[in-house]
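Use these hints to put chains B, C and D with the ligands onto chain A, whose structure you have.
One-letter residues, chain by chain:
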Amino acid sequence: MESNKLIELLEKMLRIRHFEEKVGNLAARRMILGSVHLYIGEEAVAAGVCANLRQNDFITSTHRGHGHCIAKGGEFRFMMAELFGKSTGYCQGKGGSQHIANFDLGILGANGIVGGGMPIASGAGLSIKMRNTDQVAVCFFGDGCCNNGVFHESLNLAAVWNLPVVYVCENNQYAVSVSVKQASLIHDYYLRKDAYGIKGCQVDGNDVIAVYEASKEAVERARKGEGPSLIECKTYRWRGHYEGEFDRHYTYRTKKEIEEWIDKCPIAQFKAYLIENNIITAEKIDQLEEEIKRELLEAVAFAEDSPAPKPEDALVGLFENE
Amino acid sequence: MESNKLIELLEKMLRIRHFEEKVGNLAARRMILGSVHLYIGEEAVAAGVCANLRQNDFITSTHRGHGHCIAKGGEFRFMMAELFGKSTGYCQGKGGSQHIANFDLGILGANGIVGGGMPIASGAGLSIKMRNTDQVAVCFFGDGCCNNGVFHESLNLAAVWNLPVVYVCENNQYAVSVSVKQASLIHDYYLRKDAYGIKGCQVDGNDVIAVYEASKEAVERARKGEGPSLIECKTYRWRGHYEGEFDRHYTYRTKKEIEEWIDKCPIAQFKAYLIENNIITAEKIDQLEEEIKRELLEAVAFAEDSPAPKPEDALVGLFENE
Amino acid sequence: MREISYADAVVEAIEEEMDKHEEVFVLGEDIGRYGGAYFANPKLWKKFGDERVRDTPISESAIVGFALGAAITGMRPVAEIMFSDIMTVAMDQIVNQVAKMRYMFGGNVKVPLVIRTPIGGFHNSAAQHSQSLESWFAHVPGLKVAMPSSPYAAKGLLKTAIQSNNPVIFFEHIQLYRLKGPVPEEEYYIPFGEANILREGTDLTVVASAVMVHRVMNVANKLEEQGIQIEVIDPQTLCPFDKETILSSIKKTGRLFVVHQACKTCGFGAEIAAIVAEEGFDYLIDPIQRLAAYDIPVPFASNMEDFAIPNEQRILSAITEFLGK
Amino acid sequence: MREISYADAVVEAIEEEMDKHEEVFVLGEDIGRYGGAYFANPKLWKKFGDERVRDTPISESAIVGFALGAAITGMRPVAEIMFSDIMTVAMDQIVNQVAKMRYMFGGNVKVPLVIRTPIGGFHNSAAQHSQSLESWFAHVPGLKVAMPSSPYAAKGLLKTAIQSNNPVIFFEHIQLYRLKGPVPEEEYYIPFGEANILREGTDLTVVASAVMVHRVMNVANKLEEQGIQIEVIDPQTLCPFDKETILSSIKKTGRLFVVHQACKTCGFGAEIAAIVAEEGFDYLIDPIQRLAAYDIPVPFASNMEDFAIPNEQRILSAITEFLGK
Ligand SMILES: Cc1ncc(C[n+]2csc(CCOP(=O)(O)OP(=O)(O)O)c2C)c(N)n1
Ligand SMILES: Cc1ncc(C[n+]2csc(CCOP(=O)(O)OP(=O)(O)O)c2C)c(N)n1
Ligand SMILES: [Mg+2]
Ligand SMILES: [Mg+2]
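Quick note, the sequences are listed as chains A, B, C and D, same order.
This note's numbering numbers the first residue of the first sequence as 1 and each following residue consecutively.
This note's numbering numbers the first residue of the second sequence as 323 and each following residue consecutively.
This note's numbering numbers the first residue of the third sequence as 645 and each following residue consecutively.
This note's numbering numbers the first residue of the fourth sequence as 970 and each following residue consecutively.
Careful, some of the hints might be misleading.
As the list claims (entries may be wrong) - Here are a few chain D residues that sit away from chain B, every Cβ distance over 10 Å (derived from the structure):
hint, residue
1, Gly-1034
2, Gly-1038
3, Met-1073
4, Phe-1074
5, Glu-1155
6, Arg-1168
7, Asp-1172
8, Asp-1251
9, Tyr-1252
10, Tyr-1263
Stated by the list, open to error - Subject to a maximum C-alpha distance of 25 Å in a straight line, what follows is the list of computed DSS-like cross-link-like pairs (lysine-lysine):
hint, chain 1, residue 1, chain 2, residue 2
11, B, Lys-546, A, Lys-199
12, B, Lys-586, B, Lys-606
13, D, Lys-989, A, Lys-255
14, A, Lys-310, C, Lys-754
15, D, Lys-1012, A, Lys-181
16, B, Lys-632, A, Lys-181
17, D, Lys-1149, A, Lys-256
18, A, Lys-224, B, Lys-577
19, B, Lys-503, C, Lys-866
20, A, Lys-181, B, Lys-521
21, A, Lys-255, D, Lys-1079
22, B, Lys-632, D, Lys-1079
23, B, Lys-503, C, Lys-687
24, D, Lys-1220, D, Lys-1191
25, C, Lys-754, B, Lys-577
26, C, Lys-690, B, Lys-578
27, D, Lys-1016, D, Lys-1149
28, B, Lys-503, C, Lys-691
29, C, Lys-866, C, Lys-896
30, D, Lys-989, A, Lys-181
31, D, Lys-1015, A, Lys-181
32, D, Lys-989, D, Lys-1016
33, C, Lys-690, B, Lys-577
34, A, Lys-199, B, Lys-503
What the hints assert, rightly or not - To give an idea of the interface, some chain D residues facing chain C are shown, with a C-beta separation under 8 Å as derived from the structure:
hint, residue
35, Ile-1055
36, Lys-1069
37, Ala-1246
38, Ile-1254
39, Ala-1287
40, Thr-1289
If you're looking for bench data, these hints aren't it; they were derived computationally from the structure.
Virtual Cβ for every residue (Gly too), placed ideally from N, Cα, C.
Bound conformation, chain A alone (with noise of 0.2 Å):
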């Protein structure tokens, strides 16, 4: 891989890393209202996954989307504008930190229905099929959506119809309090694959460069017109499900647990790798976490500057005019 692409990934994730960082922030000083779920830790899967994609390519998020939006090229300020309610946010304040989208963007909006998303991604690879274009569908998915209904419905039908999406199962574990071991007898949800007569994988969540791989392949295959794949990525959320849950993730997981997985941080390892194979040296992280930083500062301000709706603005964008 080259040096460029390398270096594209850890900034990725440092984005959204900070990004997440900031709006942890901001939530506890009721900044942000709403809730809020953030994404740290899982920062390899977003970053490697969207590596592949092209502007005109589409994706479905969920309730813990921000990195999943960043990762695709939403900017710190519309997003931070539309986590602060403002007119000048990606949905104008209508949406907030569950509902973001920008179709401009390919994001075909975060969800607050776990599973949501997972018809609608494939509904825009049967789009891109139909409409005979390269484009590809990527839909971004937790562990505990995978006992839903909408998986089945949705791998199944994009199988037998042989559509450019790919599957990516974020596996952290955990949906809320409930493990995976809770949740199913099987683990490894890749396996599912096998119902739907699919390809698929397993890769480490937390290695940006096994994400990309696995990724990069699952893209192309749905480029070529040679169906959907399932990625399952194996990670950990650092934070609570939501920012507010404080220390109530200790019910149902261990401080150990949790340290272990920090311990395997997947920017520290990467920024690690970048290193010793003289890719990048420190004092360019340094910098870049600082620009990084002056961006989100800006980013906020943007937000705290701009105009909040009118409360009748409520009344508008139902429906399109006709």
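Leaving out everything else, chains B, C and D with the ligands in the frame of chain A:
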């Protein structure tokens, strides 16, 4: 297997066949109203499976449910009266063909919604486990149901909760006009057992002994607390999807295909086997059939002579009084 | 004018829009070579083939959700749900995704999607195949809801639905599929939000939809013989809902009687009654009255079913009694 | 009397019924060691363990359907759906199975099943977590529907629900979980179908449920200062619905004003308005009025949300205007 048991199997199949033929006839004469889905050609499945069940075991059934009901001990006269919409019917005329139930016989109901019965049977399994009895719940469903979300949710949860449920897929290869080949890449649905980590197998659904043996094993496992199984029975429906479809089924399958399957008639095959092995004589079988036909005539007379419900009976029975 | 069936009118509307726009396609169960569950008309499949007439497995959430994904990425899907009672298995997609997509994401996307589904059941269809749940969808902002009562309306409204950039729930009454009626050869569209006054009258305003329109019209014709003049209004679409036409009718007649096949409690009749009690109160001479199915699942046996759902006889006596004649 | 929170009242009701009947058990997402998604009260799990407090995967159709299967075979399940907007993924089981099971099968089975679910959303919960879809369930015959507005009602109604042999949809308002109120130590049950007159008055009858009860009460207290006497009625259960209490109130006041959080069109307010326009017409001095959420999905930003859903200010001005004062 004992002769008695074998003859019982034959009898069950014959009871189903004759019942269905009579119903088809009555439906053609519009003496039975509403949609009627006949089980002809698939008798070995219900007969073979239910031969392993006790009265206090549970089944759930489908739109094509007469066979399951008969095999689980449903009586012609009450079934027929239900089909006639009479107040002596199993559901006092409120249900009709797609909604026959009898809780004393463990028949938890046919269902007009594909997949509707899957979680219900599973919940009966949960109840068995919690009440700590050695009952078993059997869930009948078609190939068409295998691509619906409830299939997935039910099997997964029954698996992880280790419930005494036997899932019996009647793969007659079509869901109305849509063949399994159009419906999924996987055509052997028992393979999906691996997606849930449960036991399962495929049998010739026209071979009543094979069905009996496979389900015996599954039922015994369930009784011993060893969890759910998925049994796929390959079979075929001889008639249209519903009575009244007439020749429209040639739009999706050939006369030749139908005839090939008629040649594999589960009853004819089994009769030949029994006669060949001197378990029963052809005369005895004829006698048995005559008796069944006589009982059927009585059942029809019972249904015809039974009082129709009063129109205002419609207002009774929504809630249990409290 | 030529007469065609309601079923053929539906197929013709889709065909014309498919001819016009290559983004239009249909998906659903048994809609291909089989030609539809309730009528045998494989015209679309024969003409447009497997790609644009897509038979699906029994995966209703996928049917709706795939259609939605396609709709927001350049296609104009017409999804079919085999009967409206099974919209229940696709409700998240319909209610939380399709209906909210545009608004929730800030109005930046078009959702040109039609969900066609038969409503109301045949006779003897029993509890799970006979429901009329239209009021649920009228309660969900973001969905347009159409309910044609004639072949003419079916064709004209469906063409409007397919051309629309907003999601439409299109309820076809299953008992009307064989009904024949005049449908012009020339292309036409019927705008949403315009009620149809089927009959003018001065004594009473009756609002009815779908199959009930026909029952009410028969009753109105009978009552005419007794000198009673009934105005019959079919809203045609529940969202948008043409309340003006109804209010001006009541201004004239002073009386409102609503008939629907859906269960009474929280049926769309409640909404009509409420609107009139709010905005037309001063025109009212008499209390409003609703005639609807009893609040029970639809029973199977003919005589109980006939009792449960308003039939001509019951409509006639209820109106007669209501008018105190 | 001691005061406990609405959340604790819910847990206490379940605990008492679990103590009394070993057939009672609970199932749902994150209800075990986690103690519930919206409040941290793992009391039930600690006391009754994994067998009777069953955490499930994200399989809502299974949650409801498994509960149903268990209910008709000897158990008394209390299922939890994490928020009512996702009842949409379990609608077939709720509407076609649970609600119809007893009637459709001839009345030969009991269905002792409770589905608890939070309704209405927190603030800033946005479009998919803020809905109030209670009127859907009132429209489905075979379901009882409860909607408590206080800790006292929550406990008493839930105990009745669990003891009932009929299926109950039990809506808990998410914004009330932390509300404290008096709840006696002694066991009690609140019967379904009895509206609660929270406040007597002669000028206007206001009907409100769940969180709206509190907003309306505050407004009524304010208006009292201006000499306006408002009667506030909380139906407590929508099915059965105590129309008598409302009709006799209107007989006294001559005016009906309905407030709800649900969207206006086809909300339960329409049903109340319709009943009164039918059966209480002659008592009415003025048109009926409904105040409800606008017909839009709930927007995320505070000021838009606050605009969309009736708040105290809007209730106050609407009532003041309505009374022409
Ligand atoms: C259908 C549905 N059920 C339940 C919820 C409540 N809920 C929100 S997120 C979540 C857990 C999701 O777990 P997973 O899919 O593993 O994603 P993660 O949070 O771990 O990223 C649950 C239960 C929901 N939003 N939608
Ligand atoms: C959820 C749902 N979707 C669609 C239907 C309409 N329908 C009734 S039976 C049927 C085909 C069922 O096929 P299968 O499960 O294979 O059973 P078979 O009829 O072959 O016995 C369909 C599509 C339904 N009843 N329920
Ligand atoms: Mg997870
Ligand atoms: Mg089949």
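Hint check results:
no. : hint                      : in the structure
1   : Gly-1034                  : 2 Å, violated
2   : Gly-1038                  : 2 Å, violated
3   : Met-1073                  : 5 Å, violated
4   : Phe-1074                  : 4 Å, violated
5   : Glu-1155                  : 22 Å, holds
6   : Arg-1168                  : 29 Å, holds
7   : Asp-1172                  : 37 Å, holds
8   : Asp-1251                  : 28 Å, holds
9   : Tyr-1252                  : 28 Å, holds
10  : Tyr-1263                  : 33 Å, holds
11  : Lys-546(B) x Lys-199(A)   : 37 Å, violated
12  : Lys-586(B) x Lys-606(B)   : 22 Å, holds
13  : Lys-989(D) x Lys-255(A)   : 38 Å, violated
14  : Lys-310(A) x Lys-754(C)   : 23 Å, holds
15  : Lys-1012(D) x Lys-181(A)  : 23 Å, holds
16  : Lys-632(B) x Lys-181(A)   : 54 Å, violated
17  : Lys-1149(D) x Lys-256(A)  : 37 Å, violated
18  : Lys-224(A) x Lys-577(B)   : 39 Å, violated
19  : Lys-503(B) x Lys-866(C)   : 55 Å, violated
20  : Lys-181(A) x Lys-521(B)   : 18 Å, holds
21  : Lys-255(A) x Lys-1079(D)  : 46 Å, violated
22  : Lys-632(B) x Lys-1079(D)  : 23 Å, holds
23  : Lys-503(B) x Lys-687(C)   : 23 Å, holds
24  : Lys-1220(D) x Lys-1191(D) : 24 Å, holds
25  : Lys-754(C) x Lys-577(B)   : 46 Å, violated
26  : Lys-690(C) x Lys-578(B)   : 23 Å, holds
27  : Lys-1016(D) x Lys-1149(D) : 24 Å, holds
28  : Lys-503(B) x Lys-691(C)   : 22 Å, holds
29  : Lys-866(C) x Lys-896(C)   : 21 Å, holds
30  : Lys-989(D) x Lys-181(A)   : 32 Å, violated
31  : Lys-1015(D) x Lys-181(A)  : 20 Å, holds
32  : Lys-989(D) x Lys-1016(D)  : 14 Å, holds
33  : Lys-690(C) x Lys-577(B)   : 21 Å, holds
34  : Lys-199(A) x Lys-503(B)   : 18 Å, holds
35  : Ile-1055                  : 7 Å, holds
36  : Lys-1069                  : 5 Å, holds
37  : Ala-1246                  : 4 Å, holds
38  : Ile-1254                  : 10 Å, violated
39  : Ala-1287                  : 12 Å, violated
40  : Thr-1289                  : 17 Å, violated
In summary, the numbered hints that this structure violates are 1, 2, 3, 4, 11, 13, 16, 17, 18, 19, 21, 25, 30, 38, 39 and 40.
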